[in-house]
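J.: Sequence:
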Amino acid sequence: MSPKTPYYLLGEEAGIRALADAFYDAMDDLPEAEHIRQMHAKSLTDIKEKLFEYLSGWLGGPDLYKQKYGTICLTDPHKPFQISEDARDQWLYCWDKAMADIGASADVKAMIKDPIFRMADFMVNQRPAK
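For the sequence shown, our numbering gives the first residue as -7, with consecutive numbering after it.
Careful: at least some of the hints might be erroneous.
[Stated by the list, open to error] Quick list of simulated restraints, FRET-style, between CB atoms:
1. Q118 to K(-4): 36 to 42 Å
2. K122 to A6: 43 to 49 Å
3. K122 to Y61: 17 to 23 Å
4. D99 to M31: 27 to 33 Å
5. S97 to M31: 28 to 34 Å
6. F109 to Y0: 18 to 24 Å
7. Q118 to Y0: 33 to 39 Å
8. E24 to P107: 20 to 26 Å
9. D20 to Y61: 20 to 26 Å
10. L66 to E5: 19 to 25 Å
11. T37 to G62: 19 to 25 Å
12. S76 to D20: 17 to 23 Å
13. A92 to A121: 33 to 39 Å
14. K34 to E77: 24 to 30 Å
[What the hints assert, rightly or not] Computed cross-link-like contacts, BS3-like style, restricted to lysine-lysine with a CA-CA straight-line distance of at most 27 Å:
15. K105 to K40
16. K40 to K122
17. K42 to K71
18. K42 to K105
19. K42 to K58
20. K60 to K40
21. K34 to K89
22. K34 to K60
23. K105 to K58
24. K122 to K71
25. K34 to K71
26. K60 to K42
Note that these hints are calculated values from the structure, not bench results.
Here a beta-carbon is modelled for each residue, glycine too, at the ideal position from N, C-alpha and C.
With these hints in hand, go ahead and build the complete structure from the sequences.
T.: Now the structure itself:
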């Protein structure tokens, strides 16, 4: 029996690739994501592949990103951008849309909800002064 990781539950390689594609398709299509879409290149082809490679390992499958790039550091690629809580929420909105679009089960959504929020929140580098 296969392990019950999100990677397996989402359909392994094909499912994770569909998720990465759906995520960036949502970002490209949703007016609510316009701000974060502007942080990306005109073509999303390369970043879709990087997200697929990252998610593969992060969700319990092969560590494709680490094998290809040797390290997994999410903060460095995001440093040039001003990422606010609003940008984080736009990113999460795209994530939720992508999960819905690929038909992810409620169990998988619940399994990933907190870790994906923590990861997105960790990228925030512009917070309002208290």
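J.: Now tell me if each hint is right for this structure.
T.: Now the hints, each set against the structure:
A hinted range of 36 to 42 Å holds for the C-beta pair Q118 and K(-4), which are about 37 Å apart. Checked against the given bound of 43 to 49 Å, the beta carbons of K122 and A6, roughly 45 Å apart, stay inside it. Checked against the hint of 17 to 23 Å, the pair K122 and Y61 fails, with Cβ atoms roughly 36 Å apart. As the Cβ distance of D99 to M31 is approximately 32 Å, the hint placing it in 27 to 33 Å holds.
For S97 and M31, the Cβ-Cβ distance of about 30 Å falls inside the hinted range of 28 to 34 Å, so the restraint holds. The hinted range of 18 to 24 Å is satisfied by F109 and Y0, whose Cβ atoms lie roughly 22 Å apart. A hinted range of 33 to 39 Å holds for the C-beta pair Q118 and Y0, which are about 36 Å apart. A hinted range of 20 to 26 Å holds for the C-beta pair E24 and P107, which are about 23 Å apart.
At about 24 Å, the CB distance of D20 to Y61 agrees with the hint of 20 to 26 Å. Between L66 and E5 the CB atoms are about 21 Å apart, so this pair conforms to the stated range of 19 to 25 Å. Checked against the given bound of 19 to 25 Å, the beta carbons of T37 and G62, roughly 22 Å apart, stay inside it. For S76 paired with D20, a C-beta distance near 20 Å keeps the hint of 17 to 23 Å intact.
At roughly 35 Å, the beta-carbon separation of A92 and A121 lies within the given 33 to 39 Å, and the hint holds. A hinted range of 24 to 30 Å holds for the C-beta pair K34 and E77, which are about 26 Å apart. Between K105 and K40 the CA atoms are separated by roughly 21 Å; this keeps the pair inside 27 Å, and the hint holds. Under the criterion of a C-alpha separation no larger than 27 Å, the hint pairing K40 with K122 is inconsistent with the structure, at around 36 Å.
With a CA separation close to 17 Å, the supplied pair K42 and K71 stays within the 27 Å bound. Only pairs whose Cα atoms come within 27 Å are accepted, and K42 paired with K105 is accepted, the gap being roughly 21 Å. Among the hinted pairs, K42 with K58 is consistent with the structure: their alpha-carbon atoms are about 11 Å apart, no more than 27 Å. A C-alpha spacing of about 15 Å is found between K60 and K40, which places the hinted pair at or below 27 Å, so the restraint holds.
This hinted pair checks out: K34 and K89 have alpha carbons roughly 21 Å apart, not beyond 27 Å. Annotation: proposed proximity of K34 to K60 holds, straight-line Cα distance about 23 Å (limit 27 Å). Under the criterion of a C-alpha separation no larger than 27 Å, the hint pairing K105 with K58 is consistent with the structure, at around 23 Å. For the hint pairing K122 with K71, the CA-to-CA distance comes to about 22 Å; that is within 27 Å, so the pair holds.
About 19 Å separates the Cα atoms of K34 and K71, which keeps this hinted pair within 27 Å; it holds. With a CA separation close to 10 Å, the supplied pair K60 and K42 stays within the 27 Å bound.
Hints 3 and 16 from the earlier list are contradicted by this structure; the remaining hints agree with it.
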